[in-house]
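**Q** Chains as they are written, first to last, in my numbering: chain A, 2 to 265; chain B, 5 to 325.
Any given hint could be a false lead.
[As the list claims (entries may be wrong)] Chain B regions said to be covered by chain A (calculated; three or more residues, Cβ under 8 Å):
hint	region
1	68-82
2	122-129
3	146-159
4	264-270
5	297-307
[Said to hold, decoys possible] To be clear about the criterion: a stretch of chain A counts as covered by chain B if any three or more of its residues have a C-beta under 8 Å from a C-beta of chain B, and this derived list gives those stretches:
hint	region
6	111-123
7	210-222
8	245-258
[Stated by the list, open to error] Not everything, but these chain B residues come out facing chain A in the computed CB check (under 10 Å):
hint	residue
9	111
10	115
11	175
12	177
13	179
14	181
15	223
16	225
17	227
18	228
19	229
20	233
21	256
22	289
Keep in mind the hints are simulated off the structure, nothing from the lab.
Just so you know, even glycine gets a beta-carbon here, dropped at the ideal spot from N, CA and C.
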Amino acid sequence: MTPRARRLLELLPLAVVVGASAVGAALASEPAGRLEPARAWCSPSSARPLGCGEAGVDLTSLVATAELRAVALAVVVALVGFVVGTPLGAAAALARGRLERAVERACDLVQAFPSFILALAVLSAVRAPSRVHLGAVFALTAWAPFARLALAQTRVLREAAFVEAAVALGRGRAGVLARHVVPNLLGVVAVQLGSTGAAIVVSEAALAFVGLGPRDGVSLGGVLDQGVAAMLRAPHVLVVGALAVFATSAAMLVAGRAAERRAR
Amino acid sequence: MRRAGADAARIARALLARATESLLVVVALASLVFFALRLLPGDPARLVLGDEAGPAELARVRAALHLDEPLLTQYARFLRGLATFDLGDSFRRPGVHAMARVGDALIPTSELAAVAVALGAAAGVTAAVAASGPWLPLRARAWVERVLVGLAAAPLVAFAPVVTWALAARARLVPLPGDPDSGAAGLVFASALLAIPLAAHVGRIARAALAEVARAPFLSVASAKGAAPWRVWLVHALPTVVGPIVTVVATQLGALLGGAVVLERMFERWGLGTLILEAYAARDLPVLEGAVVAAGLLFVGAQALGSAAHAAIDPRARAGR
């Protein structure tokens with residue numbers, strides 16, 4: 002298989018998830034989250050392929066919209082983490098010494114930190130968290146893995162002959178960083194885009210599951226919460242919610258590998 | 005003699021640095037909660053009372069929570085409260101110390117996390133040894149690795165409800181969520197769910213570390229002296245990979261605490277997560293601040309315990325050598 006075909010294949014799951022969600026959201030005859038108590042917990046049928054949830058909410062349009070929003074949030078936050086973390090880690094490794102150690106230690110701490118508790122703590126300051134709030138909270142910790150990877154990779158690169166040559170030719174530190182180091186890190190760091198994106202999809206669902214979701218209830222975590230409440234009466238809700246979270250996060254992970262190959 | 009003195013000084017310095025860092029983590033988390041509530045747009049008193057509150061009520065709440073003082077005075081009071089474990093009374097239940105409620109909730113969550121770490125480490129190490137030793141055919145060993153990779157990426161919030169539905173609602177093997185009489189079975193089942201991602205991470209790291217020592221001469225010597233394979237792997241090889249295992253458990257602790265919140269909510273178990281969510285819903289600021297700080301303490305405490313265990317088992321980890 003050619004590398005190009007392989008890359009396309011790896012982007013396929015994400016394209017399928019996004020495409021299916023877009024079709025589901027576009028075909029919906031009513032806005033996501035509309036309630037119709039008469040059809041509460043109805044089973045999947047040809048009119049409503051995924052069935053209904055609490056108070057008769059149509060799961061097809063709800064899951065499709067929630068998936069699109071989760072993917073958008075994950076992509077934005079992962080890119081912010083990538084743009085902030087990569088130069089930070091590379092600059093720290095080039096500077097060596099105290100700064101390098103400080104950034105490394107900070108990354109270790111942030112990565113091991115109970116980020117879910119951190120999100121709960123910060124989100125408690127707002128009445129109902131919006132997606133902007135969620136994005137800001139996730140961005141607080143999203144930069145760390147990118148910085149950690151960039152730091153480790155720059156340690157190797159800074160000994161490379163072409164970097165030494167650039168320094169000897171009188172390029173400033175910023176120039177070496179931008180022209181010679183960062184372009185060579187992208188391949189290694191880019192795979193983290195997928196892992197971070199998947200982690201954000203899951204965190205968003207987990208926060209909504211425990212009750213810190215958007216007020217309109219359009220979130221995969223909200224579907225799971227309904228599913229647990231109606232486990233005995235309407236198990237399809239639970240299965241639909243879990244499959245949606247699983248498919249979206251797995252698609253993000255696989256797409257991250259395509260980003261890695263592309264940057265190489 | 006001088007050598008021993010230098011060693012002791014180095015250990016003391018390392019311990020001090022470690023304790024300072026742990027303290028910094030807790031204070032940073034606490035400060036973040038404190039300032040998020042007070043500096044982000046929106047009035048905390050209005051958050052507590054809702055939009056319909058009159059000015060007299062708002063003033064009463066501000067006075068009770070000391071929100072009318074200058075920010076630095078409030079911060080100093082908050083830090084003093086942390087140091088003395090006294091953040092004032094629960095706002096929603098006057099007369100009950102916020103810290104008393106937190107202490108009450110800390111025990112079940114610690115139990116849940118401790119059982120999950122024990123189960124996860126045991127299962128992960130078992131899988132790693134099975135995939136390293138000569139017991140399984142090569143293909144089965146490769147499958148063990150593949151399963152570990154898949155499980156490590158599986159999101160708890162998606163699979164825990166489905167497994168619970170299959171085992172509790174369909175097969176009736178375990179108690180249903182929210183069953184008040186679930187007792188020990190409920191604890192073990194919730195911990196086992198929480199342990200699955202941890203076991204997968206431990207298994208992967210331990211497998212990689214065992215593969216590195218697999219060809220080491222000391223293992224050939226042990227085999228040549230007639231030790232059985234289980235003895236070679238468990239007694240000789242395993243202690244040398246305790247370091248990476250402890251490290252991976254420590255890096256997963258944060259995720260484990262987050263998972264504990266999700267599972268406590270799902271199973272309606274009393275604990276720190278339930279308390280944080282309850283205090284969040286009721287805007288009980290002293291309890292919320294105390295509970296978040298307690299979660300931070302649990303986290304750094306478990307990390308310190310981990311590195312102590314590492315030093316006790318692996319002599320190379322002692323004194324920072």
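**Q** Indicate, hint by hint, whether the structure satisfies it.
**A** Cross-check of the supplied hints:
For the region 68-82 of chain B, the stated coverage by chain A is violated: 0 residues have a C-beta nearer than 8 Å to a C-beta of that chain, whereas at least 3 were required. Check result for the region 122-129 of chain B against chain A: violated, 0 residues qualifying (beta carbon to beta carbon below 8 Å, three or more required). Only residues whose beta carbon comes within less than 8 Å of a beta carbon in chain A count, and the region 146-159 of chain B has 3; three or more means the coverage holds. Requiring three or more residues with a Cβ within less than 8 Å of a Cβ of chain A, the coverage given for the region 264-270 of chain B holds, as 4 such residues are present.
Look at the region 297-307 of chain B against chain A: 4 of its residues bring a Cβ nearer than 8 Å to a Cβ of that chain, three or more, so the hint holds. Under the rule that three or more residues need a Cβ within less than 8 Å of chain B, the assignment of the region 111-123 of chain A holds, with 11 such residues. For the region 210-222 of chain A, the assignment as covered by chain B holds, since 5 residues bring a beta-carbon within under 8 Å of that chain's beta-carbons and 3 suffice. For the region 245-258 of chain A, the stated coverage by chain B holds: 5 residues have a C-beta nearer than 8 Å to a C-beta of that chain, and at least 3 were required.
At its closest, the beta carbon of residue 111 of chain B sits 18 Å from a beta carbon of chain A; the interface hint therefore is violated under the 10 Å criterion. The beta carbon of residue 115 of chain B comes no nearer than 17 Å to any beta carbon in chain A, farther than 10 Å, and the hint placing it at the interface is violated. The interface hint given for residue 175 of chain B is broken, as the beta carbon of that residue sits about 13 Å from the closest beta carbon of chain A, more than 10 Å. Contact between residue 177 of chain B and chain A, as hinted, is not supported at the beta carbon level, the nearest pair being about 15 Å apart and thus beyond 10 Å.
The beta carbon of residue 179 of chain B is not positioned within 10 Å of any beta carbon in chain A (closest approach about 13 Å), and the interface hint is therefore violated. Taking 10 Å as the C-beta contact cut-off toward chain A, the hint placing residue 181 of chain B at the interface holds, the least distance being around 6 Å. Because the smallest distance between the Cβ of residue 223 of chain B and any Cβ of chain A comes to about 29 Å, over 10 Å, the interface hint for this residue is violated. Using the Cβ-Cβ criterion of 10 Å, the hint placing residue 225 of chain B at the interface with chain A is not satisfied: the shortest such distance is roughly 35 Å.
Proximity of residue 227 of chain B to chain A is violated relative to the hint, the smallest CB-CB distance being about 36 Å (cut-off 10 Å). Interface hint at residue 228 of chain B: violated, since its Cβ lies 38 Å from the closest Cβ of chain A, which is beyond the 10 Å cut-off. Hint status for residue 229 of chain B: violated, given a least beta-carbon distance of 40 Å to chain A, over 10 Å. Annotation: interface hint on residue 233 of chain B violated; nearest CB of chain A at approximately 35 Å, more than 10 Å.
Taken as an interface hint, residue 256 of chain B checks out: its beta carbon lies about 8 Å from the nearest beta carbon of chain A, inside 10 Å. Nearest Cβ of chain A to the Cβ of residue 289 of chain B: about 8 Å, under the 10 Å cut. The hint holds.
Consistency note: the structure conflicts with the earlier hints numbered 1, 2, 9, 10, 11, 12, 13, 15, 16, 17, 18, 19, 20.
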